[in-house]
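Colleague: Protein chains in written order, with our numbering: chain A, 42 to 381; chain B, 60 to 929.
Don't read these hints as lab results, they were simulated from the structure.
Honestly, I wouldn't trust all of these hints.
Taking beta-carbon pairs under 8 Å as the criterion, some of the chain A residues facing chain B (in silico) [what the hints assert, rightly or not]:
{"hint": "1", "residue": "154"}
{"hint": "2", "residue": "220"}
{"hint": "3", "residue": "340"}
{"hint": "4", "residue": "347"}
{"hint": "5", "residue": "376"}
{"hint": "6", "residue": "378"}
Per the computed footprint, the stretches of chain B lying under chain A, defined by three or more beta-carbons under 8 Å from a beta-carbon of chain A, are [to be verified]:
{"hint": "7", "region": "200-209"}
{"hint": "8", "region": "248-257"}
{"hint": "9", "region": "801-812"}
{"hint": "10", "region": "905-911"}
Cross-link-like lysine-lysine pairs, in silico, DSS-like; alpha carbons within 30 Å at most [unchecked claim]:
{"hint": "11", "chain 1": "A", "residue 1": "328", "chain 2": "B", "residue 2": "573"}
{"hint": "12", "chain 1": "A", "residue 1": "233", "chain 2": "B", "residue 2": "757"}
{"hint": "13", "chain 1": "B", "residue 1": "822", "chain 2": "B", "residue 2": "756"}
{"hint": "14", "chain 1": "B", "residue 1": "380", "chain 2": "A", "residue 2": "233"}
{"hint": "15", "chain 1": "A", "residue 1": "328", "chain 2": "B", "residue 2": "394"}
Where is the CB? At the ideal position from N, CA and C, for every residue including glycine.
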Amino acid sequence: MLTKISRASRSPLLTLLPFLVSFGVAAGLNARPPAQDAPKPPTEQEKTKAVAPSAADGDYVGSETCITCHQDQDHRFKNTPMGRVMAHPRTPEEARGCEACHAPGRAHVEAGGGKETIPMRFGKESKNSVAEQNAVCETCHTRGTHLFWKGSPHESRGMACVDCHQVKQVVNVALSSEGRYNSPLSDVRGLKKSQPELCLQCHQMRRAQLQRSSHMPYREGKVTCTSCHNPHGTPNPKQLIQSTTNENCLSCHTERRGPFLWEHPPVMENCANCHEPHGTSNPQLLKTRMPRVCDSCHVATRHPTQAQPLGSIKNFNRGCTNCHSAIHGSNHPSGDKFLR
Amino acid sequence: MKKVHRLATLAVFAVLLLPAGVLAQDKTEEHGSIDFGLRYAWGDVYGRPDLQTGQCLGCGSPFDPALKTSKFNEYRDVRNGFYVRRFDAKWEHVLNSKNNYVSLKSQRTLYRDQSYLATFGEYGKFKLQFRYDEIPHIYSDTARTLFTETAPGVWGFPAAIRSALQASTPSNLPSLLAGTGANAGQGIVTDFDFITPSIIRKAGTALFSYNPTAKWNLNLLFWRESERGTRPLGLIMNPSPSASATAGYGVELPEPINYFNNRLQFGTEYGNRSRAIQIAYIGSFLQNNTGVLTWDNPFRLTNETVGNPLTGRMDLYPDNKAQYLSFAGATNVTKYMRLMGSVSPGWLRQNDAFLPYTTNTANVTCGDGTQACTSLSSLPAASLGGSKQTLAMNFTLVTTAWKSVEAKAAYRHYDYTNNTPVHTFTPVEGDAGGPVLTPTDNTPFSFNRKNLELTGNWFFAKRSSFKLGYEAEWMDRSQRDASHSLENSIVSALDYSPTKNWLLRLSYRHSDRKPDLYLDDVSEEISGGIPVDSPFARRFDEAARLRDRADGLIQYNATDKLTVSAFGGTLQDNYNQPGGSNNATPLNFLTGTTAATNPYYLYGVLKDLSYNWGLDLDYAVLAQMTVFAEYSHERYHKRMITRYRAPESTSGTGGCGPNTLGTANQGACDTANNDWESTSRELVDITSAGVDFYFGKKVYLTTYYSLSAVKGNVFSRFLGDPLGHPNQPPADDPDRFMLVGTNAAVDYPETVNRTHEVAIIFKYKLTANLTPRFEYRYQQWDNKDYQTSPMTQYMGCVSPIPNANPPSNSVPGCTTPVLTSNTPTPVAVPSSFYPYFVVGDTSAARYLFMGTDQPSYKAHTLLATLEYRF
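Please take these sequences and the hints and turn them into a complete structure.
Modeller: In structure tokens form, the structure reads like this:
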């Protein structure tokens, strides 16, 4: 019963209203055409203009023209899932073929080739900004797992889609990468590296945690980064797929979900109060080994407050849970101390 | 069995390859590959000198320290024999369609860690996918028990032994169990059978996704998982959470796991360049097929009394269901602004029938105080009717209205409302009840969390940006100490790429969390002279906290040949803040130069610090050779302060003894002189290095070594003055020092674990279709953990604190004393068997464990496979 929470506190729209209004006003006041010389993220209109100009636009030369010189790339691309989709276009954008992503090619053709004359190129060598490159991908990839890309941590830190994805060719995974990590079977193709290696390039701290003796089956290829996180952004904390840390954990560990007759509030509030899901050196992925993980909170009275030398049942085997084994919650009428 | 295995393998291949013959239309295209061959693993499990191969001593299942049940195989199934490492094939244009495809994939076929993925679809139109996964989990290969499962969830213990143990006395019980002294070689626990607690998850998923148009999708998913096996579970049969030598019983049992998990998910979404909407239903249903665990009390066969139950019963996790609706959408509000939002209400239900309070027929004071505690009629309800409602809402507004600036405002709301009814119960703790059973209400816990984020990103150059923002979190809770708190945070980040080869990423966050009030500041209940709640005892997840987090990464990437990066970070939680909900002045008993520690203003966690740094290098020395090297160092440090508080004992033999200073509520021993400090420290070093060779697109060779080394310590010490306030007379000293003997604050032995891995993988492309692959891998895991490495079935066979030499009060039949002196800083005597390990508790004299441990191992794995591309 959330009796102490005011009604106002449950009205997010009311809370949201002031800054919705202020942002709206600010956006209106400051609206102006984008500067040509600034690396400014493109607007939604610009995106539209970049990749879907009017039919009258004569700058498009058609994929057939591109293939004249780029047969190799065409061969590689048409065997990718994206190539297969665009071979049977469903939208005007898909019908553009090469120019759907690389923008109209007339200038490139008239110049007799040259990378500099390709209006839209991808990767580090590109003169286009990351936002411009990403905007091309966002033309089609707007829904599904990409719905919350805008403003997500990876977007706002300037990550390009092509930093992780490679569209036009089959990716050869290094033998060492394949040997060190397994990943679950997936029909996602076109990643530059397989998971978790791909994510560990930047999240290097996690690489160390995955090596711990107490771990979930990441190294064994049964779960991976995207089992819990959506790198394209979610509205949830830490880009989790589920709304909270607990909902994420409980989607597999459903038995701990409850509701229980006797609940352990810190367990129900956040699994990460006690556990570190990326790996630890303590049993059961505990952040601190027993009994200290329990002692951290239970400092009030009686036996939890005993320091106790090594020869104590609290200190060996399952620690406190030698007795309090229903620590995640109990539905037994005698389970108020989590003994049943 | 092997024949069946082979036939099954062939059958699988026949099925897998069938589409190649039937469906393939384009003979020139490559469809995929299969990698199959032989695997052989050998090695040793070591570190348990007490457990020798074949050791049995009369039992039916001897100890078999095989790799297959060791930590080496914790989540996998590495066995010798024929092995299909990987199968990956795809056929395009099937069923005479231009855009249809069939894809089949598998890993580790026919082993207990196998996976399959089969997809049939039309690009851009629909996808029908089936997935099957198995995940094993082995908990221990040293576990033993004399219990046998006579029915699902019912564990029996031999009656003759129960009778013998019931007849034993505290003085001969240890020798009877452990086979020492007069019972040498005839110990009961040495007759236990070895078992392997393990579970396996088998999950099947069916997914159908259909795109009526390029912008519209319909999807349906069903997932069903079976989770079966056993895992160790500790159980006490006593109202007190300790088991003394004369009363109270405990057992560790294999908890039967027999779950079905079902998830049904369906939804639709529509999206174009400017807006998108998603609607979905998610239902998750747990079915526990063994919901009750019943076991014999191994120490008693007859004469059940209030405090001595003959059986115990545990309610395992109840069935439950959770259902969610999800609405999400995004739209371009203006040409410079995008609004995204999601609303997801959820309903969680659980209504399993209650068990009676106990199986103990001697307990008849439940319910109204006169009812049999074995009767369901003594309960206030037949089931809980547990009900929770969650509501997750998120709204994000992103605008690019300003030049080179992206601004974001996000609001997140999570409501966790527990509507479970409140009942009054008379619990019988551990199936043993006292003369008075205190009525207790369940306390459904709810919370509400709101987050606001206002951030701005200034993109000042290509791949360069600066972020600055403010975040706030409001937390409201019921049935917890801190009913309301607010955390304010400042966040900043800098990404700077001066050239295309250099990248610098820095981020910093400072947070300040302040709870308004702690409920336990008001100590209303009194127990034995000490208030139940200790003032300024703070739980770290609610307490006032200053958090600083900083991370940095610098990366140099030269023409894709060389990538060097260095990273570092720290997370510092500081709870030791004066004032506010903490005490304004230090709580230290000793101050000034005599103080053993810095001032502290609360009890609980004071600081939780972590540091990490590391280096990473990838260098393509030649076109044919790439080397890589990684190193990382982590350091964790967590410090807490506790006060030992024992309620007053009327007998004078426990706690602080009778309080003779005045009234009974003076708080005997509730003094800062009994404060103690504990610091948990962990050092982790991870090193890896290797090289990849490619010769002429024919020969591939990689070799690498990695080492993960961890050292952990738990240090503890007293903070009071033992000399000024000795534990012996005067017993009425209000500052009497109690941290001696079994309450002493001492360091624990260091825990160490190291994982070494060396691998050599060689591939040779014999023809365009055939690539033999050889893999050799050596893995060694050394583990020394004082909590598990010495575990046996009987851990009560140590003497208590000796007060003379030779010990005069040691447990008969046991030879290893815990402590050598009765001083405030006792010295542990290491066991000759496990250097530095001294464990065992006389209060566990009537507790039978399973001896759960995961000993060290070293393993060689050789894999010879042939990759055939077709």
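Colleague: It remains to establish, for every hint, whether it holds in the given structure.
Modeller: Results of checking the hints against the structure:
no.	hint	result
1	154	23 Å, violated
2	220	5 Å, holds
3	340	4 Å, holds
4	347	5 Å, holds
5	376	7 Å, holds
6	378	6 Å, holds
7	200-209	violated (count 0)
8	248-257	violated (count 0)
9	801-812	holds (count 9)
10	905-911	holds (count 3)
11	A/328 with B/573	24 Å, holds
12	A/233 with B/757	22 Å, holds
13	B/822 with B/756	10 Å, holds
14	B/380 with A/233	39 Å, violated
15	A/328 with B/394	47 Å, violated
Figure legend: structure checked against the earlier numbered hints; hints not met, in rising order: 1, 7, 8, 14 and 15.
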